[in-house]
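Peer 1: Let chain A serve as the given structure and place chain B on it in line with the hints.
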Amino acid sequence: MAGDAHEGGGFNIHPMDQFELKPLFGGDVIHWYTPTNATLWMLLTVIAVSLLMVAGVRGRALIPSRAQSAAEMVYGFVRKMVEDVAGKEALKYFPYILTLFLFILFANLIGLIPASFASTAQFAVTGFLAIAVFVTVTAIGFYKHGAGFLKLFWVSSAPLALRPILALIEVISYFVRPVSHSIRLGGNLIAGHAVLKVFAGFAGALGLASVAPILAIVAIYGLELLVMVVQAYVFTILTCVYLNDALHPGH
Amino acid sequence: MEGDIAQMGQFIGAGLAAIGCGAAGIGVGHVAGNFLAGALRNPAAAGEQTATLFIGIAFAEALGIFAFLVALLLMFAV
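Chains as they are written, first to last, in the working numbering: chain A, 28 to 278; chain B, 49 to 126.
Here chain A stands alone, though its shape is the one from the complex (with noise of 0.2 angstroms):
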């Protein structure tokens, strides 16, 4: 990310530019079935994830290697997850919420790398994520209990009067959902990648006294570690209480 033709000198910075979809063959038109930059970097994502969790406890050793013990924390540490917020009949959909965990958590830190392309930072993918989790949830809540899941919209605890305004409000907020679950997932990997690469494009600009930037994006770095790793696990635990709601309608 550093230093990629902001050396010419002045503040000529493109933070946006990063973000570029290209199509791997070259060409210029991209078509949905066309494979991307962000194609090659989700599917080394997924090779990524299934080298750890396929690969890494294969030996299934009664004394953990390093990989088959990282495997098994992030196993339970999601297991836990799903149990403590959305209740033990959601550990049917444990799979699920592992899968988007680790996905997500794979591509943040595989998107952070320098000179890498960080896939979650498209909303395009982020998006589809969310949807995928808005219909997931809802289907299973309709499933589960028919027409008693839009129990949901209406919050018994409320006087009589109130509750077709909070209704109106509860439906706005779950239709809601899938955007707010998504921009913030894409909104904070952009901002962290722009901020990277606008404290890069300083560095590039300001000669030797660049000592500052760098310093500074490596304490930003550090940051964006963190806050990358947040995003997933909020994802994750956000897909939880989406779920609890679809499981146990009603307030």
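Everything labelled a hint here was simulated from the structure, so no lab data went into it.
Quick caveat, the model's predicted, so the values are computed rather than measured.
One should not assume that every hint holds.
Unchecked claim - Across the chosen pairs, the derived CB separations fall in these ranges:
no., chain 1, residue 1, chain 2, residue 2, range
1, B, 63, A, 184, 40 to 50 angstroms
2, B, 125, A, 90, 53 to 63 angstroms
3, A, 233, B, 95, 42 to 52 angstroms
To be verified - One side of the interface only, derived from the structure: several residues of chain B facing chain A at Cβ under 8 angstroms:
no., residue
4, 99
5, 102
6, 103
7, 106
8, 109
9, 110
10, 114
11, 116
12, 117
13, 124
Stated by the list, open to error - A few chain B positions that, by computed beta-carbon distances, are all more than 12 angstroms from chain A:
no., residue
14, 55
15, 56
16, 60
17, 64
18, 77
19, 88
20, 90
21, 91
22, 96
23, 98
24, 123
25, 125
Ideal Cβ positions, reconstructed from N, Cα and C, are used throughout, including at glycine.
Peer 2: Frame of chain A; chain B shown alone:
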């Protein structure tokens, strides 16, 4: 000239939208600070509530991210 004024409006608007990011900072600080105040009074109950803490932070932060998004749209997409 007119283009310049429109661009000035974009930049001013983006700067105003960035205020929202600071406001989200206040919100996140409130959430975390109150959590810490409560956690120090009753440390035994704090561990189970970290999930709630992160959910609260996420909701507060989302609005800041929306403000940031508006700023980005003004800068690059209008």
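Peer 1: Hints first: check each against the structure and report whether it holds.
Peer 2: Cross-check of the supplied hints:
At about 43 angstroms, the beta-carbon gap between residue 63 (chain B) and residue 184 (chain A) stays in the expected band of 40 to 50 angstroms. Taking 53 to 63 angstroms as the suggested C-beta distance range, the pair residue 125 (chain B) and residue 90 (chain A) conforms, at roughly 54 angstroms. Separation of residue 233 (chain A) from residue 95 (chain B) is about 45 angstroms and conforms to the stated range, judged on CB atoms against 42 to 52 angstroms. For residue 99 (chain B), the interface hint holds, since its Cβ comes within 8 angstroms of a Cβ in chain A; the closest pair sits about 6 angstroms apart.
Satisfaction of the interface hint for residue 102 (chain B) is found here, the shortest Cβ-Cβ separation to chain A being roughly 6 angstroms, below the 8 angstroms cut-off. Annotation: interface hint on residue 103 (chain B) holds; nearest CB of chain A at approximately 6 angstroms, less than 8 angstroms. Nearest Cβ of chain A to the Cβ of residue 106 (chain B): about 4 angstroms, under the 8 angstroms cut. The hint holds. Interface hint at residue 109 (chain B): satisfied, since its Cβ lies 7 angstroms from the closest Cβ of chain A, which is below the 8 angstroms cut-off.
Here the hint on residue 110 (chain B) is kept, as its CB sits about 5 angstroms from the closest CB of chain A, short of 8 angstroms. A cut of 8 angstroms between beta carbons decides the hint on residue 114 (chain B): the least distance to chain A is about 7 angstroms, and the hint holds. Interface hint at residue 116 (chain B): satisfied, since its Cβ lies 6 angstroms from the closest Cβ of chain A, which is below the 8 angstroms cut-off. Interface hint at residue 117 (chain B): satisfied, since its Cβ lies 6 angstroms from the closest Cβ of chain A, which is below the 8 angstroms cut-off.
Restraint check, residue 124 (chain B) versus chain A: the minimum CB separation of about 6 angstroms is within 8 angstroms; hint holds. Taking the minimum C-beta to C-beta distance to chain A, about 17 angstroms, the non-interface status of residue 55 (chain B) holds against the 12 angstroms cut. Chain A leaves residue 56 (chain B) outside its interface by the beta-carbon criterion, the shortest separation being 18 angstroms against a cut-off of 12 angstroms. With a cut of 12 angstroms on Cβ distances, residue 60 (chain B) stays outside the contact zone with chain A, its closest approach being about 19 angstroms.
For residue 64 (chain B), the condition that its CB be more than 12 angstroms from all CB atoms of chain A holds, with the nearest at approximately 17 angstroms. Distance check on residue 77 (chain B): its Cβ is at least 16 angstroms (rounded) from any Cβ of chain A, clearing the 12 angstroms threshold; non-interface status holds. For residue 88 (chain B), the shortest C-beta to C-beta distance to chain A comes to about 22 angstroms, beyond the 12 angstroms cut-off, and the non-interface label holds. With a least CB separation of 18 angstroms from chain A, residue 90 (chain B) remains clear of the 12 angstroms interface cut-off, as annotated.
Distance to chain A confirms residue 91 (chain B) as a non-interface residue, since its nearest Cβ pair spans about 19 angstroms, more than 12 angstroms. For residue 96 (chain B), the shortest C-beta to C-beta distance to chain A comes to about 8 angstroms, within the 12 angstroms cut-off, and the non-interface label is violated. Consistency note on residue 98 (chain B): stated as away from chain A, yet its beta-carbon is not over 12 angstroms from all of that chain's, at 10 angstroms minimum. Distance check for residue 123 (chain B) against chain A: the nearest CB is about 8 angstroms away, which does not clear 12 angstroms, and the non-interface claim fails.
Against chain A, the non-interface label of residue 125 (chain B) is violated: not every CB pair exceeds 12 angstroms, the least being about 10 angstroms.
Against the hints set out earlier in the document, violations occur for numbers 22, 23, 24, 25.
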